[in-house]
Amino acid sequence: MKRALAAVIGLALTLSGTAFASTVEGGKEEDFDPSHEWLLHDWIPIHLGPINLSITKAVAYLILASLLTMLLGWFLMRWRLGTDPGNRQTAGEWIYEIAQTQVAEQGLPTKSIARWFPYVASLLIFVFVVNLIGFIPLPLSDEKFELFGVELPTLGIYAATSTLSVTLTLALLTFVFTHVEGIRHNGVAGYFKSWIPDVPKPMYPLIVPLEILGQFMRLISLSVRLYANMLAGHMLILTFIGLIFVLENVFLAVVAVPFAWAFYLFEILIVVGIQAYIFAALTAIYIGSAIEPEH
Amino acid sequence: MTFAAMVFAAAEDGVDAGKAVALALGIGLGALGAGVGIGNIFGSMIQAVARQPELRGELTGIQWLGFALTEAVVFYGLIGGLLAFVLV
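Just so you know, the sequences run in chain order A and B.
Take the first sequence: its position 260, counted from the start at 1, is 260 in this note's numbering, and no numbers get skipped.
Each number in this note's numbering corresponds to the 1-based position in the second sequence with 295 added.
Isolated chain B, as found in the complex (with noise of 0.2 Å):
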């Protein structure tokens, strides 16, 4: 193998590679602050609930509604790195 075709192969590897980790970075990082803001809705409800449990039927509403805005943090970087991994 000449030395220009081991760099040319090297550079397809290279953008593979760049691939997997612009994937792994938008799940990973987006989970990272998903996971932080998912703990805190749950501890708030629990707190909440532990001082006033005859609101929990209330709270329970605006805790989904709060858990699906923060779980959906993910899949925003899971998009993107989708549309990284599929377009480049």
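Bound-form chain A, shown alone (with noise of 0.2 Å):
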């Protein structure tokens, strides 16, 4: 019966991508460009000064994802809690044991965990919430299409964290928080000089820039780690789609469909919830080292 239903739901999924296949070779309006996708529209016009603090698509999505965020924690964990947990209450047992000894344990050190685990907590919900809203196809681009003379938007699957900006202001928080903690706990002079590691005197102007340079290197790694992955894997899934639309023929759909589910499924089950973690267990470990340094 399972079965059936799934063969019934691919059928149909693979049916409707032939479908918008034709109706394009009908009315061609333009050429099919994978990267118009990413282009942010100012939705609701918001400048102050130089500052465009516009609504945009990714805008829309983080809102979105931190309204989803909160709901998801207070439903899993806060609401109507008992000593004989169910699935939900076991769910949200098994979410925060992840944040407390795969993330926060294995970065922060013990002194620090109940300052720090709060926000490496939240990231990695956070995260998570906004890399998978990014692969279900919500009424939120700026294409549109007629249904019985209403004009609505086309489903469409993409993720904040796809954009440069999002994932770099993610980063900055944790690349200012690492040197503010470094600071309060280990003051200037001695946070510095533990960033100089144990090397003899002359070896200095080689290793110094190297490691100021390291500290920044961070910031791009982290933020680049999120973002070209979530861009990768929506491009992958719109090249296979956009292949029926650039070569222009339907029969295509039988190979690029299934190649496209295969990416899609690679991306829920796997990439997703490892950003996530990364990004959170990077970040405790980054705040842990700048608290704690080794030498």
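What the hints contain is simulated information worked out from the structure, not anything from laboratory work.
Ideal placement from N, C-alpha and C gives every residue a C-beta, glycine not left out.
Some clues are possibly wrong.
[What the hints assert, rightly or not] Covered stretches of chain B (in silico footprint by chain A; criterion: 3 or more residues with CB under 8 Å from a CB of chain A, positions within the stretch not fixed):
id: 1; segment: 301-310
id: 2; segment: 347-361
[Unchecked claim] Far from chain A by the CB rule (all over 10 Å, computed), these chain B residues:
id: 3; residue: THR297
id: 4; residue: LYS314
id: 5; residue: LEU327
id: 6; residue: GLY332
id: 7; residue: ILE333
id: 8; residue: GLY334
id: 9; residue: PHE337
id: 10; residue: ALA367
id: 11; residue: VAL369
id: 12; residue: VAL383
[As the list claims (entries may be wrong)] Covered by chain B, per the in silico footprint, the following chain A stretches (three or more residues, Cβ under 8 Å):
id: 13; segment: 213-226
id: 14; segment: 271-282
Make one complex out of these two single chains by using the hints.
Structure follows, in structure tokens:
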């Protein structure tokens, strides 16, 4: 029964893909370009001098994700807790345990877990939710289609984390917290001295610039890792579906759609969770290594 | 078509070809390195668990951390290739 259901859903999705292809072949409007998916148009323009704070697609996704994150935390971990946990509470406890044992305790020293656990855990859940709703088709996109005379936005998948500015902001938060905590616990001189590794004095001119560069490379690697992972995931799916339109052949759907499906499953089952975990774990490790330098 | 026009057309094609090569090289070389690295990580994980199965829980976290750090190398290549593709 379940298999039959899966087959029917798969067939329906595949057929809808071919239906789209045929309409595009009929009334061709513009050339297909995957990068158009990442253009951000101002939906509600808000300009403060030179700063553009407009509500765009990414901002809409971020707002939705933060609401969902709060709701998820409240629903799984605050609402009607008892001594005889059901499935919902078990799931909440499982998430909490991962955040504590796998993320916070891996990187943070025991004395500062109480202070930094909330940040690290909410980062874990928030990045996970942002990534995940990026793979659920939502009616949040720039393109419109007409249904019974009403203009509706087309369903689209887009992750806010596939925009560099979003991940860079998250990485900047971690970067600032790392150095503030390092200075607060070790003093200014003590903290910056801890950057310099144990090497003979003549090596300093070579090592010190590298270490300083390394601190800034953390910022880049932390943000680009998440950004590029989500971008590449979406682009792979889009490119496989897009092959049908670029080569203008409906029968390609037989090959392209299953491949797109495979990548979709890979993304939601593995990449989404791992990237959220990595982001939170590296944040914990960076903050922890600033609080308690190795020497 | 005059000779000059042909040369210009060829040069235009050359730029496009160069962009494509840059993108492909970025992804390809990045994937090469990351493939070796990821294989190494999972191979070592299998060996470690085969020797000391009771450490599996502790090792899993380290394994995924190493996996993600290595896998990111592909994407640095990809971003470099995309930059070459878009900016040039």
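- Once the closest CB in chain A is found, is it more than 10 Å from GLY332 (chain B)? holds (14 Å)
- Message: According to the definition I'm using, a residue is off the interface if its beta carbon is farther than 10 Å from all beta carbons of the partner; does LEU327 (chain B) meet that for chain A?
- Response: LEU327 (chain B) is indeed farther than 10 Å from all Cβ atoms of chain A, at 16 Å.
- Task: Between the segment 213-226 of chain A and chain B, see if three or more residues pass the 8 Å beta-carbon test, and mark the coverage as holds or violated.
- Result: With 3 residues close enough to chain B, the hint holds.
- Take the segment 301-310 of chain B, compare each residue's beta carbon with every beta carbon of chain A, and decide whether three or more fall closer than 8 Å. violated (count 0)
- Query: Is PHE337 (chain B) truly not at the interface, in the sense that its beta carbon sits beyond 10 Å from all beta carbons of chain A?
  - Reply: Fine: 13 Å to the nearest Cβ keeps PHE337 (chain B) off the interface.
- Given as covered by chain B, does the segment 271-282 of chain A meet the bar of three residues or more with CB within less than 8 Å? Holds: 6 residues of the segment 271-282 of chain A have a Cβ under 8 Å from chain B.
- Message: Would the non-interface assignment of ILE333 (chain B) survive a Cβ cutoff of 10 Å against chain A?
- Response: holds (12 Å)
- Query: Going by Cβ atoms, does ALA367 (chain B) stay more than 10 Å from chain A at every point?
  - Reply: At roughly 4 Å from the nearest Cβ of chain A, ALA367 (chain B) sits no farther out than 10 Å, so the non-interface label is violated.
- Query: Is VAL383 (chain B) truly not at the interface, in the sense that its beta carbon sits beyond 10 Å from all beta carbons of chain A?
  - Reply: holds (15 Å)
- VAL369 (chain B) and chain A, when compared Cβ to Cβ, separated by more than 10 Å: Given that some Cβ of chain A is not farther than 10 Å from that of VAL369 (chain B), nearest at about 8 Å, it is violated.
- Message: Over 10 Å from every CB of chain A: does THR297 (chain B) meet that, or does the non-interface label fail?
- Response: holds (30 Å)
- Query: Mind checking, does the segment 347-361 of chain B have 3 or more residues with a CB under 8 Å from chain A?
  - Reply: holds (count 3)
The structure fails to meet hints 1, 10, 11 from the earlier list, while all remaining hints are met.
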